[in-house]
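Chain order of the listed sequences is V and Z. Okay, so the first sequence: first residue is 518 according to our numbering, each after it adds one. Okay, so the second sequence: first residue is 3 according to our numbering, each after it adds one.
Rather than coming from a laboratory, the hints here were simulated on the basis of the structure. Predicted model, so just to flag it, every value in this text is computed and none were measured. The C-beta atom is built at its ideal place from N, Cα and C for all residues, glycine as well. Among these hints, one or two may not hold up.
Keeping only pairs whose Cα atoms sit at most 30 Å apart, straight-line, the calculated DSSO-like set for lysine-lysine is [what the hints assert, rightly or not]: (1) V:830 x V:811; (2) Z:65 x V:811; (3) V:802 x Z:37.
Distance ranges between label pairs, derived from CB positions [unchecked claim]: (4) Z:35 x V:813: 17 to 25 Å; (5) V:845 x Z:31: 15 to 23 Å; (6) Z:15 x V:606: 50 to 58 Å; (7) V:845 x Z:15: 38 to 46 Å; (8) V:750 x Z:69: 29 to 37 Å; (9) V:861 x Z:31: 39 to 47 Å; (10) V:606 x Z:69: 31 to 39 Å.
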Amino acid sequence: MALNLFGKRQENILSNAPVINSNLLDKRIFSVSEITRHIKDILEGDKKLGDFYLRGEISIPKQYPSGHTYFNLKDEKSQINCVLFKKNCENIKFNLEHGIKVIIRGGIDVYEPYGKYSVIVEEIQPDGIGALNLAFIQLKNKLEKQGLFLDKYKKQLPKFPKTIGLITSLSGAVMHDVLNVLKRRYPIVKVLIIPTTVQGKEAPNSIINSIELANQYDYNINVIILARGGGSLEDLWCFNEESVARAIFQSKIPIISAVGHETDFTIADFVADYRAPTPSVAAEKAVPDINELKKLINNFNERILNATTNLIKSNKSLLSQIANRPIFKKPLEVIHAYYQNIDSLEYMLKSKISQSMSLKRKILEILDSKLSALNPKAILERGYSIVMKDNKIIKNANEVKIDNNISVILYKGEIEAKVKRVKK
Amino acid sequence: MVQKEVSFEGNLERLKKIVDGLESGNTPLKDSMNKFKEGTDIIKQCYKELEDAELKVETLVKKDRIVTKEPFKR
Numbered sequence: 518m519a520l521n522l523f524g525k526r527q528e529n530i531l532s533n534a535p536v537i538n539s540n541l542l543d544k545r546i547f548s549v550s551e552i553t554r555h556i557k558d559i560l561e562g563d564k565k566l567g568d569f570y571l572r573g574e575i576s577i578p579k580q581y582p583s584g585h586t587y588f589n590l591k592d593e594k595s596q597i598n599c600v601l602f603k604k605n606c607e608n609i610k611f612n613l614e615h616g617i618k619v620i621i622r623g624g625i626d627v628y629e630p631y632g633k634y635s636v637i638v639e640e641i642q643p644d645g646i647g648a649l650n651l652a653f654i655q656l657k658n659k660l661e662k663q664g665l666f667l668d669k670y671k672k673q674l675p676k677f678p679k680t681i682g683l684i685t686s687l688s689g690a691v692m693h694d695v696l697n698v699l700k701r702r703y704p705i706v707k708v709l710i711i712p713t714t715v716q717g718k719e720a721p722n723s724i725i726n727s728i729e730l731a732n733q734y735d736y737n738i739n740v741i742i743l744a745r746g747g748g749s750l751e752d753l754w755c756f757n758e759e760s761v762a763r764a765i766f767q768s769k770i771p772i773i774s775a776v777g778h779e780t781d782f783t784i785a786d787f788v789a790d791y792r793a794p795t796p797s798v799a800a801e802k803a804v805p806d807i808n809e810l811k812k813l814i815n816n817f818n819e820r821i822l823n824a825t826t827n828l829i830k831s832n833k834s835l836l837s838q839i840a841n842r843p844i845f846k847k848p849l850e851v852i853h854a855y856y857q858n859i860d861s862l863e864y865m866l867k868s869k870i871s872q873s874m875s876l877k878r879k880i881l882e883i884l885d886s887k888l889s890a891l892n893p894k895a896i897l898e899r900g901y902s903i904v905m906k907d908n909k910i911i912k913n914a915n916e917v918k919i920d921n922n923i924s925v926i927l928y929k930g931e932i933e934a935k936v937k938r939v940k941k
Numbered sequence: 003m004v005q006k007e008v009s010f011e012g013n014l015e016r017l018k019k020i021v022d023g024l025e026s027g028n029t030p031l032k033d034s035m036n037k038f039k040e041g042t043d044i045i046k047q048c049y050k051e052l053e054d055a056e057l058k059v060e061t062l063v064k065k066d067r068i069v070t071k072e073p074f075k076r
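With these hints in hand, go ahead and build the complete structure from the sequences.
Written as structure tokens, this is what we have:
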């Protein structure tokens with residue numbers, strides 16, 4: 518490459534060089550250092566090459582421990598070596614990544630030990646997009662990849678905070694906005710203002726310190742509002758610093774971010790547990806509305822009274838229902854019913870018994886009449902008599918002989934007799 | 003009182019439980035009366051907390067590396 522360039526400038530060199538003949542011996546022989554020095558003089562002496570703007574794509578950037586960064590800048594056809602020294606690095610907000618398009622300002626420098634020419638980069642900015650915008654996108658992508666924006670890391674805001682840490686500047690309107698909202702909405706809360714620089718070089722460290730301070734246990738802060746009023750991207754830049762983002766992420770106390778106006782998004786907003794579009798909204802988000810709470814408690818009060826009154830009422834009516842039951846109202850009636858029952862049972866019992874008795878009586882009567890029909894006395898009554906001999910009933914005349922003593926039993930009395938004659 | 007240590011949030015939750023329980027009508031009368039008492043006590047306490055309304059603002063002031071709390075004056 519150096520040769521190409523050397524070639525282009527050949528005339529120039531020749532005009533300054535001693536006279537050269539076609540004969541080699543006549544030609545002046547340079548040392549490598551001499552010719553390199555010559556090239557350096559020409560390149561670095563050129564006005565155009567001393568300070569120019571260059572557009573291209575960064576290729577394979579490498580940062581060395583020294584803090585210097587080396588990369589190639591290329592387009593479709595060519596590439597050129599570039600060096601970004603540490604002191605110029607510090608002003609660059611975005612990362613030099615492979616493939617990003619940039620515009621650089623710088624000048625050509627020849628490094629003699631290697632015979633290498635490079636562009637010494639003085640300034641570098643993204644091509645087609647602002648440097649801060651690019652830095653913002655780069656940091657956002659980086660932290661997103663690391664998971665700092667994930668919902669699972671978002672801490673829940675307390676519903677009823679007792680102490681709010683307000684990290685903001687003492688001088689802005691923001692603080693008053695926040696305090697006004699808190700006073701109107703939830704005056705029972707305690708606010709601890711942590712005065713913080715929220716703009717300029719000091720801001721990142723100031724914000725980080727304040728977050729760490731707010732996290733100290735003895736302050737008992739339940740939620741942090743990190744707020745700043747509107748401003749340019751540069752003004753709000755401290756909220757796009759990686760160190761600030763990490764401090765927000767590491768806070769044990771939930772943080773509500775409210776930076777700039779509704780349309781301003783900062784890295785802090787993405788890392789914060791809740792992003793409020795404005796400081797006032799942050800204050801609203803941080804606390805409940807005391808009037809709503811009072812309504813809620815009123816409602817509870819009414820419900821608890823109603824529920825209990827109803828309960829008592831329904832229990833009373835249940836009780837009176839029970840008290841009105843016949844068993845309590847006319848207890849004897851129940852007993853009477855039993856009496857009736859017993860009576861009817863008795864009646865039934867009696868009637869059953871008398872039925873069976875009369876039946877039996879009838880049977881008895883029949884039997885009696887039958888029996889009395891068989892009673893010899895009855896026969897005797899009718900005028901018949903029984904003749905007996907030796908206590909034996911005589912049914913046949915053969916059984917007696919003349920002069921046998923016999924007895925004749927009559928209905929009434931007995932006759933002792935002697936057989937006079939026997940008729941057979 | 004044990005109740006004083008309970009957070010406002012905890013009190014509200016307890017209230018909701020009590021009211022729901024009372025409204026369901028499944029609580030025995032004696033329990034209900036106890037709950038009613040507890041509920042009204044919590045309500046009183048909640049009111050008291052809400053009535054204590056004076057926004058307290060303090061500022062952290064750093065002097066010689068020592069951070070102190072000071073009342074904030076508007």
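Between residue 35 of chain Z and residue 813 of chain V, is the Cβ distance one that fits in 17 to 25 Å?
holds, 24 Å
For residue 15 of chain Z and residue 606 of chain V, compare the CB-CB distance with the range 50 to 58 Å and indicate the outcome.
With a Cβ separation near 55 Å, residue 15 of chain Z and residue 606 of chain V satisfy 50 to 58 Å, so the hint holds.
Should the hint that residue 845 of chain V and residue 15 of chain Z are 38 to 46 Å apart at their CB atoms be regarded as holding?
holds, 44 Å
Does the structure keep residue 65 of chain Z and residue 811 of chain V at a Cα separation of 30 Å or less?
violated, 41 Å
Holds or violated: residue 830 of chain V and residue 811 of chain V, Cα atoms, limit 30 Å.
holds, 28 Å
Pair hint outcome, residue 802 of chain V versus residue 37 of chain Z [Cα-Cα no greater than 30 Å]:
violated, 33 Å
Using the Cβ atoms, figure out if residue 606 of chain V sits within 31 to 39 Å of residue 69 of chain Z.
holds, 35 Å
Using the Cβ atoms, figure out if residue 845 of chain V sits within 15 to 23 Å of residue 31 of chain Z.
holds, 20 Å
Please test the hint of 39 to 47 Å on the beta carbon pair from residue 861 of chain V and residue 31 of chain Z.
holds, 44 Å
Assuming the hint says 29 to 37 Å, is it satisfied by the Cβ distance from residue 750 of chain V to residue 69 of chain Z or not?
holds, 32 Å
Comparing the model with each earlier hint shows violations of hints 2 and 3; every other hint is respected.
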